[in-house]
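> Sequence:
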Amino acid sequence: MNKNPANFVPLTPISFLHRTADIYGDHQSVIYEKRAYTWRETRERCVRIASSLKNFGVKPGDTVSVLAFNTPEMFESHFSIPMTGAILNTINIRLDAQTIAYIFDDSNAKILFVDRELFSVASEALSIASVSPKIIVINDSYAFSQPDISSDTIDYESLVDNGDPLYNWKMPGDEWSPLSLSYTSGTTGKPKGVVYHHRGSYLMSMGTVVGWNLPNHPVYLYSVPLFHCNGWGHAWTMAALAGTIICLRSFDPEKVFSLLNEHRVTHFGGAPIMLNMLANAPKEVQKSFEREIQVMTAGAPPPAKVLESMMALGFNVMHVYGLTETYGHILQAAPQASWLNESPAELARLNSRQGVRFPMTEDVSVIDQETGGRVPHDGEAIGEIVIRCNTCMMGYWNNP
Numbered sequence: 001m002n003k004n005p006a007n008f009v010p011l012t013p014i015s016f017l018h019r020t021a022d023i024y025g026d027h028q029s030v031i032y033e034k035r036a037y038t039w040r041e042t043r044e045r046c047v048r049i050a051s052s053l054k055n056f057g058v059k060p061g062d063t064v065s066v067l068a069f070n071t072p073e074m075f076e077s078h079f080s081i082p083m084t085g086a087i088l089n090t091i092n093i094r095l096d097a098q099t100i101a102y103i104f105d106d107s108n109a110k111i112l113f114v115d116r117e118l119f120s121v122a123s124e125a126l127s128i129a130s131v132s133p134k135i136i137v138i139n140d141s142y143a144f145s146q147p148d149i150s151s152d153t154i155d156y157e158s159l160v161d162n163g164d165p166l167y168n169w170k171m172p173g174d175e176w177s178p179l180s181l182s183y184t185s186g187t188t189g190k191p192k193g194v195v196y197h198h199r200g201s202y203l204m205s206m207g208t209v210v211g212w213n214l215p216n217h218p219v220y221l222y223s224v225p226l227f228h229c230n231g232w233g234h235a236w237t238m239a240a241l242a243g244t245i246i247c248l249r250s251f252d253p254e255k256v257f258s259l260l261n262e263h264r265v266t267h268f269g270g271a272p273i274m275l276n277m278l279a280n281a282p283k284e285v286q287k288s289f290e291r292e293i294q295v296m297t298a299g300a301p302p303p304a305k306v307l308e309s310m311m312a313l314g315f316n317v318m319h320v321y322g323l324t325e326t327y328g329h330i331l332q333a334a335p336q337a338s339w340l341n342e343s344p345a346e347l348a349r350l351n352s353r354q355g356v357r358f359p360m361t362e363d364v365s366v367i368d369q370e371t372g373g374r375v376p377h378d379g380e381a382i383g384e385i386v387i388r389c390n391t392c393m394m395g396y397w398n399n400p
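Note that our numbering numbers the sequence shown so that position 319 is 319, with each residue one more than the last.
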């Protein structure tokens, strides 16, 4: 028996938006300051933007770069760009112009979406780069600065206004097609472009639903930068669950506590340094919550004391581990029933450890680099982490 269109459909996280807009069209999708959209509106905006990109000559396999903060436009790019068959390339906003120029050239960027606040560094990077992408400017009234922009740029909202709401966007014909291109930080040389495919991002999203016990309609504060492993893939995960995304342009403890309270946020993520800022915020800024708020942390080992402080404020923190090459998290400190009666201090210590494989991660081990054998599971032996799963990268861009 063979695959056919009735029993096989290529997996893609873009399908989550289509389903959710059909079923929960009136449910709020994105909230940012005084702006708010429903899932029906978000789909239409994404379709219109995809239509405009197509009219600009964007075709399957092209790279569209995004240099932006966590705003609705950044979220929309995770759907609108792949709708054209193009590859989404979100760029770390903290990089210098020389490194950004390298990424522009290495990815051969055809289009650049750039937040106006970042226009100066983008312009400097483009003066160094060989490529000359068409520039789409995201004008955000909540930006800290509004630098002058050149006259040959295009306003992001014009893509929405001029796009065709009936544009016939198509799912990928091959689930192995590149979906996004995420560059490493370049700690061992030049940044490397990590290629994700549609299948892997779909499965990463589903693994997060299971591993984090996510309900329908979560309210998610997007404090994880969307340029980092596509925000750990949570843009697509939240679309699958018809969640409501609360956009956070920059991390500030007072702002975070305010948003958690105002929108009754149920979930958010962040590096341990962010949790430390919340745990040690001034008392007049801090809020404790009677409801339990679920938090995912990664990027460094979280100190047990910080986890204990977060628990006291009403946060249940899940510690995960991952890397750019695996679409984000692949290991988790999975709670055990035997931990239920432990003291807060001991529970924090247990949760600060790492970890067991995440759902959708087929095999992870730590091996001795000399013998190739597995090291003991004693919490002391040191080795190299090896992974086998559907959320391992396709490879490095231009560097197979």
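None of these hints come from the bench; they were simulated from the model.
Accuracy of the hints is not assured; some may be wrong.
To be verified - Within a straight-line C-alpha distance of at most 30 angstroms, the following computed DSS-like cross-link-like pairs (lysine-lysine) qualify:
no., residue 1, residue 2
1, K3, K59
2, K190, K134
3, K255, K305
4, K3, K134
5, K255, K283
6, K287, K34
7, K305, K283
8, K134, K305
9, K34, K192
10, K255, K287
11, K59, K134
12, K190, K283
13, K54, K192
14, K59, K255
15, K170, K3
16, K170, K134
17, K255, K34
18, K59, K190
19, K54, K170
20, K287, K305
To be verified - Cβ-Cβ distance ranges computed for the label pairs, FRET-style:
no., residue 1, residue 2, range
21, G186, G372, 26 to 36 angstroms
22, F56, V375, 50 to 60 angstroms
23, N213, P303, 17 to 27 angstroms
24, T187, V131, 34 to 44 angstroms
25, D164, P60, 17 to 27 angstroms
26, K3, N280, 50 to 60 angstroms
27, T187, E362, 19 to 29 angstroms
28, I385, A312, 25 to 35 angstroms
29, D161, A36, 14 to 24 angstroms
Note that the coordinates shown come from a computational prediction; the quantities given were computed from them, not determined experimentally.
Glycine included, each C-beta is placed from N, C-alpha and C at the ideal position.
> Going back to the hint list, which numbers does this structure go against?
4, 8, 9, 12, 14 and 24
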